[in-house]
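So you can see what is in the structure, the chains are spelled out below.
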Amino acid sequence: MTADAHSPDGAAPTAAPSVADGTATDRATGRSTVALSDVPPHSAEFLATVAARELAGRRRVFAGVGLPTLAVDLARRTIDPNVELVYESGVVGAHPEAMAEGIADSVLVSGAEAMLSMDALFGYVLQGGHVDVGFLGAAQVDRIGNINTSVIGDWRRPEVRLPGSGGASDIIASAREIVVVLRRHDPHALPAEVDFCTSPSPARARRQEGFHQPAGAGVTTVITPLGILRRPDRYGELELAAVHPGVTVAEATGNAGWDLRVRADVAETPRPRTEDVRLLREEIDTVRLYLR
Amino acid sequence: MTADAHSPDGAAPTAAPSVADGTATDRATGRSTVALSDVPPHSAEFLATVAARELAGRRRVFAGVGLPTLAVDLARRTIDPNVELVYESGVVGAHPEAMAEGIADSVLVSGAEAMLSMDALFGYVLQGGHVDVGFLGAAQVDRIGNINTSVIGDWRRPEVRLPGSGGASDIIASAREIVVVLRRHDPHALPAEVDFCTSPSPARARRQEGFHQPAGAGVTTVITPLGILRRPDRYGELELAAVHPGVTVAEATGNAGWDLRVRADVAETPRPRTEDVRLLREEIDTVRLYLR
Amino acid sequence: MTGSKVTGSKVTTLREAVAEHVRDGMTVALEGFGHLIPFAAGHEIIRQRRRDLTVCRMTPDILTDQLLVAGCVSRLVASFFASGSAGSLHEIRRRVERHDPAPLETEEYSHYGMYCRYEAGAKRLPFQPLLSYVGSDLPELNPRIRAVESPYGEGKVYVVPPLNPDLTIVHAQRADPEGNTQLWGITGAQAPAAYAASAVIVTVEEVVEPEVVRADPNRTLIPAHAVDVVVEVPGGSHPSYAQGCYDRDSAFYREWTPISRDREAALAWIDEWIHGTADHAAYLAKLGRPRWDGLRVAPAPSGSVSYGRRKG
Amino acid sequence: MTGSKVTGSKVTTLREAVAEHVRDGMTVALEGFGHLIPFAAGHEIIRQRRRDLTVCRMTPDILTDQLLVAGCVSRLVASFFASGSAGSLHEIRRRVERHDPAPLETEEYSHYGMYCRYEAGAKRLPFQPLLSYVGSDLPELNPRIRAVESPYGEGKVYVVPPLNPDLTIVHAQRADPEGNTQLWGITGAQAPAAYAASAVIVTVEEVVEPEVVRADPNRTLIPAHAVDVVVEVPGGSHPSYAQGCYDRDSAFYREWTPISRDREAALAWIDEWIHGTADHAAYLAKLGRPRWDGLRVAPAPSGSVSYGRRKG
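Protein chains in written order, with full-length UniProt numbering: chain A, 1 to 292; chain B, 1 to 292; chain C, 1 to 312; chain D, 1 to 312.
No wet-lab data here; the hints were simulated from the structure.
Wrong hints could be hidden among the right ones.
[What the hints assert, rightly or not] Stretches of chain A that chain D covers, calculated by requiring three or more beta carbons in the stretch to come under 8 angstroms of a beta carbon on chain D:
(1) 87-100
(2) 104-112
(3) 116-129
(4) 150-160
(5) 165-174
(6) 198-208
Remember, predicted model here, so these are calculated numbers, not experimental data.
C-beta: ideal position from N, C-alpha, C; glycine also.
Here chain A stands alone, though its shape is the one from the complex (with noise of 0.2 angstroms):
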């Protein structure tokens, strides 16, 4: 069957149940519903999906540029309608009529239940540790969750000049965690060291003695086109915790920069349905600006 059929209307079945392991069952008809996508792995369809699915159960979102603009679009439709989205620009709750073109699109302020000064977004909402979740993208996130969004190379004169920090270095401090997606999964995405730390994990913050110690956990979750990997203890590492449809865990492990340790229970990720696809192509980018 079609997502047509089982939405007719076109509209994202919101809250659909048990969408985190892949499967659905009709409620009528207590049979499995769901057609499920083949896109890649490294797609931005695959990865936005399997973005938006690390948000179940979390409440309030700040959302970067880019893949977690569309992952976060996705969950609103098809996890929880209740995120709450937070943007560094200021916007809080925010209710897009079409998807935002980065983080201070118009469409996220008009409708918004607020429009903070950033001093009140970095400040109040986000120091003040009202962030469950942070978004980021990354080049670079290391062995202990460390994230590198400045420079490839030496910061004195670098291979590659990268946007910086951004609200990165703010985030990571303040929100509860950090998933990142990144678009590569190789030594150089993930090396065993940063080139250079724009947003460091709490273990590298320990390592300043004498400092107040930020509240966040880091990161705790990476998304690649390869699997997830995920750091569930505070001051541990990252460990690879699911792979995707046709990639071996040797395949994830062997084009990590460091010797990527495996989780026991290592799953296979869940495939996109074949209504994300569809509202992320069809509904959400239809521009194709971050689905390229």
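Chain A is already provided as a structure; the job is to place chains B, C and D on it using the hints.
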């Protein structure tokens, strides 16, 4: 002649020439036209009029509670309509349609040019150096211009619990200068040294070595029921600059709590015009809230 | 407040809100700078006979004098110990000057110092610098005001520590049922005091549809995620005022001075006007229609701006 | 800005405003966080061929890339070195990565660190603490980020120093002729950046009567006393946007990436679109009506609230 004849429609003559020296000349006739009032120097009407004249040439005034409210209202009507009123409640550029009963009165808000957050008011406007003169009341002002608005007697068990700082100790640090209106002129109100220093002079601040010194000049002018004291030197002491009509220099110096120096050019304060008194009674403080 | 809130309506009654959230011994901020003072909530605290509260208010005002008369307060954190325009607060003075009927512990700041305490509390900063107090006796009186050396070489500057009340109560013109709160006119310390607290009660003149709030998001100063309870209490600031809704009852402010000067008269006032009324609606009814009519204001519309909608 | 301003209209032309207030070698803040970016003013700086500027902008955006291409900028103080949604700013990357055609000195913060620098500047604080950077390499890269020990015993915290530009330029929806400036939607760092500066130019979509501003004083974020010059420049944020007035020209944002990747193409663009147009009106005319019509937004009224008037 009456004020009504001078101003037949009852409106205040704005920016009348030479108000400061108490006389004025009718441009058409060349004759002196100002009728002077005989309200006593200790009256609120007299003090408010003298205080209003201090605002000549001052652009932005931070007005406190009480007599300063009368003074700034009168100043806008008779000295300079462009005096900009700033209140610690966040009001900037007030255009009250009635006399404000306190610094948080709704009439200060309706029609104001800006209603800022208290952080912007104290941080940007005041600490930022935009206030030309802060207009404060006080229980005591001492020889070098320290202000006490906290307690009379020992602060652990005071004889009189005064209102405390309010914004005063913030204002004195950053307003260019401070004008104080005292309702008494005796050694209690003008002691050699205040019982408690709520709001310090630059001379007292300087004694705290190693501190970032405040930008403000502190108290430059004290208006009392007997005369006007001025402190022209940032680190110097208050001197008798003028006595009110009917007051001798000896009365003014003899009733201060220290050996009050007398300026060589000590003058007699010009009387209020009958029009000033009429405005205060009939248009400004019609309920006699401050004209007690 | 910290932590995630349940979605959906947070609207309840003032009686329930105070019963659930105000406990003896708590530190409670009641903010509103001469405007939107949460009198109705304070009166309900008196009705429910809470004790031993630490009250935080920049300007204690008549509300704190009444809470003191009623025996609810043992400690006061404040920056101005008088009534805005109408002189002394005599219950405060009796307590401080003569320890009559009991001493009152006070912790004292300047206005900006107190505001910065809320700011640091809301932002979870260990301290906030300000330019005040150099040469003042206030830091000696209050050891919580401390000094920090600037690492850029300009010398020392005073700082204040965070203030994090157990509960903050504010009054506003309107909120939606989830707690998105809009206020205009003098906005005081309401927003940082709310964000600094573990729990927040918002009383409003009017609970409005979410669409009303969302039509003008820049007016929301306290978003729903910072609010635990919303209570509709029309006239909830009397004898203070709500910009655009009703004016301050200045006559009451003048009347309070002689009442508070005589402790017996003040106790009698509390008995008659607070314990003698079931709730704020009854208090307003006792006040009478003519007096209320005298506080009405004429409309002065802000005018509407556009936020724009992207064309499909 | 500091110092008193002359009363009366401050309205002038953009050409005169830039000619009078922008000098070679100045530190100029051009603020607007993805919204109300002062493109028209930046383009006029290019037209008048100013040199050796230190540009302060949280998000340099296409505007800074253009100012760099045009040779106006030698130093950049910022917190994000890319275009919001459309990828790299290639002129910045060429300068930093290959010193082509010349190196670019950069001074780098996080967003909140940069914002706090403006805050400290506006408030004349020697420093402002924030909770960021513990464990980050940013303080090593930028020695202006320093640490202070809390005098309350929670350890050290990072601080940033004040940022006080010689000139701040912002764009807003409206101002009155004296400079009382109102903006809504994303308000960015405009207010603290203005207060931190020695001089302030405000460009607006519309100069309105003082009565319009004074009907809604809570919308005034930058009062007249902080403003030196007011310039009416409709469409002054293109290709950025003005909430409620017109939308972002996202097509242009996408077009800029290939242009800036090719330095010759970027120089040609500057010649054609900036030096080739007499002023912003000519730039918009060259853009053409159909493109502009595509950026129009449908109205979405905020609704009006009342501020109230005391009855005589």
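Taking the hints in turn, this is what the structure says about them:
1. Residues of the stretch 87-100 of chain A with a Cβ under 8 angstroms from some Cβ of chain D number 4, which satisfies the need for three, so the listed coverage holds.
2. With a cut-off of 8 angstroms between beta carbons, the stretch 104-112 of chain A has 6 residues touching chain D; three or more are needed, and the interface restraint holds.
3. Here's how the stretch 116-129 of chain A fares: 7 of its residues keep a CB closer than 8 angstroms to some CB of chain D, so the rule of at least three is met and the hint holds.
4. A count of 6 residues in the stretch 150-160 of chain A with a Cβ less than 8 angstroms from any Cβ of chain D is obtained; the coverage claim is therefore met, three being the minimum.
5. Remark: the stretch 165-174 of chain A is confirmed as covered by chain D, as 8 of its residues place a Cβ nearer than 8 angstroms to a Cβ of that chain, reaching the required three.
6. Counting residues of the stretch 198-208 of chain A whose CB lies closer than 8 angstroms to any CB of chain D gives 10, which reaches the minimum of 3, so the coverage claim holds.
Checked against the numbered hints above, the structure breaks none of them.
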